[in-house]
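Protein chains in written order, with numbering that gives the first Met the number 0: chain B, 0 to 291; chain G, 0 to 186.
These are calculated hints, taken from the structure and not from any lab test.
Note that the structure is predicted; figures quoted are calculated from it, not measured.
Incorrect hints may appear among the rest.
A few chain B residues facing chain G, derived, Cβ under 8 Å [stated by the list, open to error]:
(1) GLU24
(2) VAL27
(3) LEU53
(4) VAL74
Lysine to any residue pairs mimicking SDA-like chemistry, simulated, CA-CA at most 25 Å apart [unchecked claim]:
(5) G:LYS63 x B:ARG58
(6) G:LYS68 x B:ARG76
(7) G:LYS139 x B:LEU34
(8) G:LYS51 x G:SER15
(9) G:LYS111 x G:ASP34
For every residue, glycine included, the Cβ atom is placed at its ideal position computed from N, Cα and C.
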Amino acid sequence: MNTTPSGGQGCEKVQRYLDSYIQGELLVETNHEVLEHLEQCPACRADHEQRLWLRNRLREASRTVEAPVDLPARVQRSIREAGLRSAFSRHRNLMLVAATILVAVFAGVLTLRQPERIQESYINRLSARLAGALRVGFDDHLHCAVGRKFPDDYPKPEQMKPQELPGPDFEPLSPVLRKLVPAKYEMVSAHRCSYKTRRFVHFIFRNEKQLISVVIAPKQANEGFQIEKLIPALRQAGLPVYQSTADRYQVAGFESGQYMAYLVSDLPAGENLALAQVLSQPVSQYLAGLKG
Amino acid sequence: MTPVFTQRKRIDEFESAAMPHMNDLFRMGCRILGDRQRADDVVQEVYLQAWKSFDRFEPGTNCKAWLFKILFNCAHHYRRKWFNFRLIRESEDVLEVAVAPTGPPPDQLTDKEILAALDRIPADFRAVVLLADVEEFAYKEVANILNIPIGTVMSRLSRARKLLRLELRHVAAGYGIGNSKQEGRTA
Numbered sequence: 000m001n002t003t004p005s006g007g008q009g010c011e012k013v014q015r016y017l018d019s020y021i022q023g024e025l026l027v028e029t030n031h032e033v034l035e036h037l038e039q040c041p042a043c044r045a046d047h048e049q050r051l052w053l054r055n056r057l058r059e060a061s062r063t064v065e066a067p068v069d070l071p072a073r074v075q076r077s078i079r080e081a082g083l084r085s086a087f088s089r090h091r092n093l094m095l096v097a098a099t100i101l102v103a104v105f106a107g108v109l110t111l112r113q114p115e116r117i118q119e120s121y122i123n124r125l126s127a128r129l130a131g132a133l134r135v136g137f138d139d140h141l142h143c144a145v146g147r148k149f150p151d152d153y154p155k156p157e158q159m160k161p162q163e164l165p166g167p168d169f170e171p172l173s174p175v176l177r178k179l180v181p182a183k184y185e186m187v188s189a190h191r192c193s194y195k196t197r198r199f200v201h202f203i204f205r206n207e208k209q210l211i212s213v214v215i216a217p218k219q220a221n222e223g224f225q226i227e228k229l230i231p232a233l234r235q236a237g238l239p240v241y242q243s244t245a246d247r248y249q250v251a252g253f254e255s256g257q258y259m260a261y262l263v264s265d266l267p268a269g270e271n272l273a274l275a276q277v278l279s280q281p282v283s284q285y286l287a288g289l290k291g
Numbered sequence: 000m001t002p003v004f005t006q007r008k009r010i011d012e013f014e015s016a017a018m019p020h021m022n023d024l025f026r027m028g029c030r031i032l033g034d035r036q037r038a039d040d041v042v043q044e045v046y047l048q049a050w051k052s053f054d055r056f057e058p059g060t061n062c063k064a065w066l067f068k069i070l071f072n073c074a075h076h077y078r079r080k081w082f083n084f085r086l087i088r089e090s091e092d093v094l095e096v097a098v099a100p101t102g103p104p105p106d107q108l109t110d111k112e113i114l115a116a117l118d119r120i121p122a123d124f125r126a127v128v129l130l131a132d133v134e135e136f137a138y139k140e141v142a143n144i145l146n147i148p149i150g151t152v153m154s155r156l157s158r159a160r161k162l163l164r165l166e167l168r169h170v171a172a173g174y175g176i177g178n179s180k181q182e183g184r185t186a
């Protein structure tokens with residue numbers, strides 16, 4: 000750009016650039032040329048001075064306006080209120096989330112506990128149909144063999160803790176039972192378990208359809224089939240064998256020494272009693288041999 | 000989650016960055032809304048809006064320009080809300096024709112008269128001249144604040160200055176002040 004000549008095209012160009020020149024927005028070279036022109040051209044210099052004067056006066060006049068003295072305090076107060084409200088709002092949201100989680104967890108626990116409650120209710124309802132002495136083995140069968148959806152979550156003997164195994168007193172009974180129970184039923188577990196603080200030795204057999212438990216429980220005080228004056232379903236070599244039905248389950252039981260033994264299954268009543276008859280003598284003899 | 004103590008620290012950061020520009024915002028509010036009370040309302044709103052979006056403000060960038068951008072947004076909404084405002088933009092060509100050749104403005108003019116003259120030029124032009132000449136923003140910043148192209152900033156600024164000089168000459172003419180005296184002062 001050639002703006003140096005005073006008058007004519009040089010002045011026109013400078014006039015076009017004056018606003019940007021005052022604003023400090025020109026490139027260095029252009030800025031220098033405008034400056035050179037202003038030094039040599041009184042008319043453009045006067046115009047430039049007028050514009051500068053106007054800008055400065057406008058700046059001065061505008062800056063006489065001041066915000067109300069209390070505006071900063073009011074603004075600060077509203078910001079702090081909004082800020083803290085926001086923080087508390089976030090905390091409130093967090094608390095709501097926490098509460099929701101707690102409710103969900105509580106509901107989850109209830110839901111998870113629900114099967115146990117249902118199972119308890121189921122056992123109590125069925126067990127109520129039985130005489131007290133028969134309930135003992137029956138309850139453990141429902142709780143341990145049926146309730147755990149046997150055998151899916153049952154550990155294998157090698158996975159069990161020593162105290163969960165039948166122990167030296169009852170391990171010899173396993174092969175005896177294996178021989179006596181028809182071969183079509185597989186012994187899938189021999190273990191010690193507990194239900195309602197009572198301990199049991201439990202042998203479980205199954206095939207694809209039926210589940211059979213042989214449950215042995217130490218007798219407690221004032222407990223027994225004869226004490227309850229139950230009528231035996233049969234006598235095997237003088238040993239009374241008792242049986243009853245609860246829903247689809249058959250419960251047979253007999254006593255021997257300090258123990259009560261049960262055969263609980265979902266076999267037909269005749270088959271269950273027949274099997275109990277087979278088991279009663281050998282098992283009774285075995286239990287009688289235990290020191291208790 | 001923002002703990003309360005962190006929130007307080009953040010508020011302090013915001014205040015130290017934003018509060019120094021309150022007078023600038025207030026006087027701009029007065030000029031574009033024409034009233035101190037409206038400016039008061041809008042400035043409070045600007046700070047609240049700025050605080051709410053402070054997370055998006057990049058430290059080290061021009062806080063004043065950021066606040067002014069919020070100010071113009073708030074002022075726009077304020078006018079629409081309270082005045083059913085219809086922005087009447089004068090044709091820039093018409094304005095160009097309307098601007099007569101100007102001589103130097105008289106220096107006897109008071110601040111009040113200068114501000115009154117400023118208030119008489121169209122709002123779009125007034126905003127540009129205030130941002131550029133009073134608040135000393137660069138073209139690029141003015142363009143960003145008003146959300147218009149830089150070329151428009153330049154043309155509006157040029158015309159705004161001419162309009163202002165014209166207005167001031169009318170005021171001076173009312174006083175019977177001629178040009179010769181001023182020309183002698185500014186030469």
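Structure-based check of all given hints:
no. : hint               : in the structure
1   : GLU24              : holds, 5 Å
2   : VAL27              : violated, 16 Å
3   : LEU53              : holds, 6 Å
4   : VAL74              : holds, 5 Å
5   : G:LYS63 x B:ARG58  : holds, 17 Å
6   : G:LYS68 x B:ARG76  : holds, 23 Å
7   : G:LYS139 x B:LEU34 : holds, 23 Å
8   : G:LYS51 x G:SER15  : holds, 15 Å
9   : G:LYS111 x G:ASP34 : holds, 14 Å
In terms of the numbered hints stated before, the structure departs from hint 2 and from no other.
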